[in-house]
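Engineer: Here is how the chains run, residue by residue.
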Amino acid sequence: MPSNLPIDLDICMTTELPVQKQASRPAWLAVLARASQEDLAACLPTLGPLPEVHTIRPPEVGMMMVRGRIGGTGNPFNLGEASVVRCAVRVGEGPLGVSCALGRDKPRAKLAALFDALLQDPQQHDHLQQTLIEPLAQAQRQQRHSRQQQAADSRVEFFTLVRGES
Amino acid sequence: MNQRHLAGGLADGVHDSQNTFRALLDAMARPGQARRLGPALPGVALGGAMARLLLSLADDETAVWWQHDGAGLAPWLRFHTGAPLADQPQAAAFAVVTDLSQMPCLADFAQGSPASPEQSTTLMLELPAFEGGVPQAWRGPGIENVTVVNLAGLSDEFWRQCQVNQVGFPQGVDMVLTCGEWAIGLPRSTQVQPALER
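Just so you know, the protein sequences line up as chains F and B, in that order. At position 122 of the first sequence the residue is numbered 122 (this note's numbering), and the sequence of numbers has no breaks. At position 151 of the second sequence the residue is numbered 317 (this note's numbering), and the sequence of numbers has no breaks.
Please note that the accuracy of each hint is not assured.
Said to hold, decoys possible - Restraint ranges, calculated between C-beta atoms of paired labels, are given here:
1) F/T73 / B/S282: 54 to 62 Å
2) F/D121 / B/H181: 27 to 35 Å
3) F/T73 / B/Q268: 22 to 30 Å
Stated by the list, open to error - Take a look, some chain F residues computed to stay more than 12 Å from chain B by CB distance:
4) A41
5) M63
6) A137
7) H145
8) L161
It is worth saying that the hints were derived from the structure and are not from the lab. Ideal Cβ placement from N, Cα and C applies to all residues, glycine included.
Only chain F is shown next, with the shape it has when bound in the complex:
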């Protein structure tokens, strides 16, 4: 999963939360990175009034090398470059929220960073985790599963009969 790398890097650079508290942060960041802008925007009105949102790093688009693995040896190779968009915001004086996602959708990146900041706020965390992250994670799991199912249906098994002397 290519977009894992910058998120982990940003977490390393910007977080000061104790390890046990941020254990699920990579998980919700991954969910936010795959969420559509409509899904994220739909959750905004449920939050109530927010403190001022400071944009620490405005949404910016860049390129990232996507690496893959092939063959039994697992040596990585460069698959190609992908557009990614990243953003960092702070809500009031709270913790820093970051996002990094495939694509060039800047409003989406800003929303995702906003929700990352809010999810680190203990008062908002449980509400958001239940109303936003878990339904999105469930939907993403189902989508992935159905695509895997489609691919599995077209799978062809090759058998080679033993030839020659036995």
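Given chain F's structure and the hints, the job is docking chain B onto it.
Structural biologist: Chain B in isolation, oriented as in the chain F frame:
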């Protein structure tokens, strides 16, 4: 490292850094003439010129040496530019000097080599004022005849080191002197002498 103190960067990254770079080119081409780089950035405990220079010039290949980083600005610069920290002045591409009385000798910074003089350190010095100091006469490329500056906060020893720095040309360090929103260039090619009292 405290993320709560992580301030924002340039409001318009592309154009703000281009304007800063243009102003710095002018400042280095006309030593002794102050150029305005822009107002201070909210939440950043540096002068506007110094903060904008750092954000515009530093990147992930330029190590930055901080003389005193009491305000915790190294993580801020690293977040916005990816610039690594230099633990020795010798290893720095840029050096941020905010306490002139404790300043290391200019020879302690990277001087470049005869084959690669561009690999020397560029110093950024925050001065208390551009006026009120001992008058110094600057001569050299970019200066018609002579220009007299009286920068505050710089010791006689500093100006002696500048003379040595100039003699080593093409090696030696370049300097940008900042004060609030303004910057003055002092490249290694500039000859510095105490101005004669009148």
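Engineer: Compare the structure with each hint and give your call.
Structural biologist: Status of the hints after comparison with the structure:
Our hint of 54 to 62 Å for F/T73 and B/S282 is violated, since their Cβ atoms are close to 40 Å apart. F/D121 and B/H181 have their C-beta atoms about 34 Å apart, which keeps the hinted 27 to 35 Å range intact. As the Cβ distance of F/T73 to B/Q268 is approximately 55 Å, the hint placing it in 22 to 30 Å is violated. Chain B leaves F/A41 outside its interface by the beta-carbon criterion, the shortest separation being 24 Å against a cut-off of 12 Å.
For F/M63, the non-interface assignment is confirmed: its Cβ lies about 15 Å from the closest Cβ of chain B, beyond the 12 Å cut-off. Remark: the non-interface label on F/A137 is consistent with the geometry, its nearest Cβ contact in chain B lying 26 Å away (cut-off 12 Å). Separation of F/H145 from chain B is adequate, the least Cβ-Cβ distance of about 36 Å exceeding the 12 Å criterion. Against the 12 Å criterion, F/L161 stays outside the reach of chain B, whose nearest CB is about 57 Å from its own CB.
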